[in-house]
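Novice: For reference, the chains in residue letters:
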Amino acid sequence: MAVTQETVQTVQEVEKYKYGFVTDIDTDTAPKGLNEDIIRFISAKKEEPQWLLDWRLKAYEHWLTMEEPDWAKVGYPPIDYQDAYYYSAPKSAEEGPESLDDVDPELLATYEKLGIPLHEQEVLAGVKNVAVDAVFDSVSVATTFKETLAAHGVIFCSISEAVKDHPELVREYLGSVVPYSDNFFATLNCAVFTDGSFVYIPKGVRCPMELSTYFRINAANTGQFERTLIIADEGSYVSYLEGCTAPMRDENQLHAAVVELVAHKDAEIKYSTVQNWYPGDENGVGGIYNFVTKRGACRGDDSKISWTQVETGSAITWKYPSCILQGDRSVGEFYSIAITNNFQQADTGTKMIHLGKDTRSRIISKGISAGKSQATYRGLVKMMPNASDARNYSQCDSLLIGSECGAHTVPYIESRNRSAQVEHEATTSKISDDQLFYCRQRGIGEEEAVALIVNGFCREVLQELPMEFAVEAQKLVGISLEGSVG
Amino acid sequence: MLEIKNLHASVDGKTILKGLDLAMGPGEVHAIMGPNGSGKSTLSYVIAGRDGYEVTEGSILFNGRDLMEMEPDERAGEGLFLAFQYPVEIPGVSTMNFLKTSLNAIRAYRGEDELDAMDFLKFVREQTATLNITDELLKRAVNVGFSGGEKKRNEVLQMAVLRPSLAVLDETDSGLDVDALKIVGEGVTSLRSPERSMLVITHYQRLLDYVVPDRVHVLADGKIVASGDAGLARELEEKGYAEFSKAAA
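Quick mapping for you: the protein sequence lines, in order, are chains S and X. Numbering of the first sequence is given in the numbering used here, commencing with residue 410 and proceeding in unit increments. Numbering of the second sequence is given in the numbering used here, commencing with residue 21 and proceeding in unit increments.
Treat the hints with caution; some may be incorrect.
To be verified - Derived pair list, reagent style EDC-like, types lysine to aspartate or glutamate, alpha-carbon separation capped at 20 Å:
id	chain 1	residue 1	chain 2	residue 2
1	X	Lys-171	S	Asp-843
2	S	Lys-839	S	Glu-855
3	X	Lys-159	S	Asp-842
4	S	Lys-839	X	Asp-71
5	S	Lys-839	X	Glu-146
6	X	Lys-171	S	Glu-855
7	X	Lys-171	X	Glu-146
Think of the hints as simulated: they come from the structure by calculation, not from any bench. Nothing here was measured: the structure is a model prediction, and the numbers come from that model.
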């Protein structure tokens with residue numbers, strides 16, 4: 410509760426989108442457009458082995474045969490995939506800095522401004538150490554606490570480094586959860602992915618600190634296609650968080666990431682996202698198109714994958730973090746807060762595919778729409794024939810602020826096993842005048858009151874976030890709803 | 021400290037208050053009694069500044085300042101408190117957090133430092149004892165699943181924490197059984213002080229057995245039709261409102 414209080418105080422101090430600045434830095438950029446040569450260029454820049462280049466090209470060939478999906482409840486003008494840059498890297502980061510001391514001061518200053526500490530002696534939110542991998546446009550510029558983690562056998566590095574240093578792991582797992590042919594945006598990502606994070610937690614290790622990746626789009630007209638791969642070996646545990654921001658620009662920018670998680674027997678992965686890409690201005694100009702594929706496989710028995718997301722940014726969000734529950738008694742969880750304001754559109758939810766016996770999944774989705782925005786929850790719960798006694802519980806709550814926004818809930822349920830149980834609950838409500846007046850009579854200003862009420866509405870999800878990030882998330886809730894009342 | 025002159029107010033274009041006058045001094049307790057539909061709740065909402073309650077004529081001065089110029093949260097900052105007839109539920113926000121947010125908002129309005137978590141907890145515990153409010157209740161979401169008595173006790177707790185200079189109690193006795201009425205009545209009485217005026221709006225005499233008023237006013241058809249001392253309340257209880265309503269017509 411102290412946390413909410415702090416939020417409420419901070420809300421008033423923070424301007425609308427404080428991450429909207431641009432870093433002026435020399436970049437190395439691939440020519441505009443998308444073709445085989447660009448893919449070869451990216452692969453060469455990263456000094457990749459032949460198998461990876463072949464995989465990229467195979468994906469590209471397949472992508473050319475695919476059509477952009479149109480089933481989501483989002484609308485946008487056609488994207489010209491030839492009118493964008495697919496690779497942009499700060500020149501200073503090209504050689505790959507050996508240590509934090511070698512990182513371009515301009516970049517360090519950028520992350521400092523964003524509140525992301527890249528000096529290991531600094532701690533995020535003052536609670537405990539968090540290891541950070543910072544991805545700037547197409548490359549990872551720094552990863553902290555590598556040595557500390559290595560002492561526990563934990564590998565935490567950029568995926569480009571992992572390709573060089575741990576090729577056997579990357580080759581085994583890359584594309585094993587989200588295959589190259591999966592969907593239009595994921596396939597595009599396979600062809601042109603530039604950087605992202607790689608995590609491997611060895612058997613029986615409980616990762617000693619939170620891991621996080623901070624994604625920053627800086628260059629104009631550049632797509633960001635990052636790829637994250639996390640493997641939790643038997644009996645291990647890791648909590649991982651990603652955060653994202655981008656400068657304010659009038660044109661839309663594409664972000665098509667792929668995240669793959671693999672949890673072996675008795676392993677647990679907790680993956681949290683605070684997504685705050687630039688949402689566009691109050692007239693709906695600019696903003697990021699966030700078309701992301703995230704999927705986790707609970708491969709082993711008694712494994713667990715938990716997705717928690719706070720989605721406040723982006724002009725358009727198209728995202729369904731999913732769990733494939735293969736192992737018996739494996740558990741999948743999805744906790745989501747999606748806030749849309751002004752002209753934002755979000756079509757987000759999850760897929761829980763139950764394959765193993767006694768598998769469990771839990772979906773808690775909180776959608777908040779304000780302004781002229783549209784928010785859709787879209788979720789699939791699938792019980793396969795072998796999923797005896799599997800269970801799912803879903804709860805989807807929508808909160809409307811004002812009368813020009815929309816909230817939609819689209820649950821798909823497929824059960825092919827008689828002993829499986831699926832429960833779905835959904836509610837839609839509005840912030841009432843009674844609630845606002847009650848708060849204001851107690852001295853709480855209007856915007857602060859909205860933030861308080863919305864934070865209350867989201868509480869079940871906020872409490873799933875790691876402590877360090879709950880504060881930030883609560884602030885975001887307030888900030889992203891500024892101007893939504895009155 | 022509160023001076024209402026010739027107050028006319030309407031809701032949805034319908035005139036409810038039709039020239040109400042009322043003057044209260046510091047530390048005074050006034051009761052407003054009246055039948056259903058006489059404008060009691062409208063008066064409390066107009067004083068607190070609720071949207072949709074439009075003042076068409078007249079004025080309300082609070083400590084010499086024009087209340088009409090202020091937003092509801094500013095009025096609260098100035099020391100005005102309304103105990104709601106129907107306290108509102110706020111799911112997911114703990115009662116403790118709500119109290120703290122509220123107190124610190126008001127302290128900030130007055131240019132005072134916020135209380136830290138420990139001082140705040142200590143301060144709240146001092147208030148909860150007399151109201152028979154448990155820590156468990158403070159952890160629950162504001163008014164969610166509260167019984168009628170718990171809701172009203174929670175209103176009195178907020179009043180105790182926020183220490184207003186003027187408290188308007190809108191039918192705080194409604195929906196209470198005898199035991200709950202006693203706790204609420206004694207709670208309110210314990211908050212009487214020379215720095216705190218109270219405007220007790222009620223349909224019945226029974227709350228006034230605990231909170232004995234300095235003045236009693238009868239509201240009928242949007243106007244004060246009779247005023248007197250505490251004896252007037254007992255007289256009303258015996259004779260009913262019909263006689264006074266006739267006088268207003």
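Novice: Indicate, hint by hint, whether the structure satisfies it.
Specialist: Here is how each hint holds up against the structure:
no.	hint	verdict
1	X/Lys-171 to S/Asp-843	holds (15 Å)
2	S/Lys-839 to S/Glu-855	holds (15 Å)
3	X/Lys-159 to S/Asp-842	violated (24 Å)
4	S/Lys-839 to X/Asp-71	holds (17 Å)
5	S/Lys-839 to X/Glu-146	violated (36 Å)
6	X/Lys-171 to S/Glu-855	violated (23 Å)
7	X/Lys-171 to X/Glu-146	holds (19 Å)
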